[in-house]
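Visitor: Sequence:
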Amino acid sequence: MNIDRKHNRLFLALTLLVLTAILCAACGGGGGDEPPVTADPIVRTDALGLVTVTITGGEAVVTYHPERWEDFADETLVYETAEVYAPSDAPFPVNTVNGKIADVIVEQIEAFSFNHMSDFVLPSLVLLMEDGSVELAMPSPFLLYPGYDEIDSEVLPVPESVVALSAEPIGEGIGGTTVIAETESGLHYDLRHVYHYRALDDGVWASHNLGEGSEYKAWLWLGEDGRASLIKRHLHDEDWSAAYAGTYIMHLDEEMSQGLMPGMLSLELALMDAEGGALDEALPERIEGSYFLDYYGAQGWLDLYLSDGDALHDIGGVPVTHCGFWREDI
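Those letters in the sequence shown? Residues 1 to 330, by the working numbering.
If you are wondering where the hints come from, they were derived from the structure by calculation, not from laboratory data.
Since we're looking at a predicted model, the values are computed, not measured.
A hint or two may mislead.
[To be verified] Derived pair list, reagent style SDA-like, types lysine to any residue, alpha-carbon separation capped at 25 angstroms:
1) Lys217 to Ala206
2) Lys217 to Val318
3) Lys217 to Met264
4) Lys217 to His193
5) Lys217 to Thr247
6) Lys100 to Tyr148
7) Lys217 to Tyr295
8) Lys217 to Leu235
All chains should be modelled from the sequences, with the hints used to inform the complete structure.
Guide: As structure tokens, this is what we get:
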């Protein structure tokens, strides 16, 4: 009996010792709080070594390297102003729209940073965000004051959540580099196209002459949510009006998943209202077609060329295959 009690006490002591060891391990061994383990920063630079981007904890800073920029002093002279801010090795924080940054590509991309007075292309920052969105920053070091300025980015409206970015040579025989975004569904988007058409839904597009010899004008509206409307009026009869509404798709993916090349527009519109003399005309009930675009965002011009389906307008039953619009602010 005494032996059993001794065994019980020994077993209890060993059990308490094991529990104490487990508790100490869970609390960090009683040696105080240890610093959390942090991932190494992500560091990216361009091929010329002009810019370095460092990402830590989802936040980025940009460092310019003056000694490298000196090699391109003649090419970059056009970017400088009367009050010259030379490139500085002081870091500039990046202000994003959608929170934390997952990765970045730093590249000289002519489509993002084009200056007619210089062949030199400033490096751009293409940011992959943790939420799957993509943002773009095109900072000029000659306009940034060290210790004061920050770099702002804008969202590139890729239609789907992006999982990866890659810098790729432009495969159109023109040379240069672009950035391709791969989405969750496996589609690929050339960000040159996304950037080029990003403001297509900003404002109303107006045409005061729907085709040569036409007596009609029109307003085309393309919304952020894919909705579209077209209003046509007679040049000499203000009571004449026809209104169409529906949807549009700006086709951008490289796989042509919906059958159209990147940079083409498709419309599906239905006649919603007619007034005045329009009531006496045989207006089409629907306008459904695809169109090639010539889009000059900076100048505010948009040309639509009929590819397939219905024209936006016809004259005496003859389709108008080209309609020119300009941006009209609202």
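Visitor: Now tell me if each hint is right for this structure.
Guide: Tested hints:
1. Lys217 to Ala206: Roughly 8 angstroms between the alpha carbons, so the hint for lysine 217 and alanine 206 holds.
2. Lys217 to Val318: 17 angstroms, holds
3. Lys217 to Met264: Measuring from Cα to Cα gives roughly 23 angstroms; hence the hint holds.
4. Lys217 to His193: 29 angstroms, violated
5. Lys217 to Thr247: OK: lysine 217 and threonine 247 at ~21 angstroms, within 25 angstroms.
6. Lys100 to Tyr148: 22 angstroms, holds
7. Lys217 to Tyr295: 19 angstroms, holds
8. Lys217 to Leu235: The given pair, whose Cα atoms are some 6 angstroms apart, holds under the 25 angstroms limit.
Of the numbered hints given earlier, the model fails hint 4 alone.
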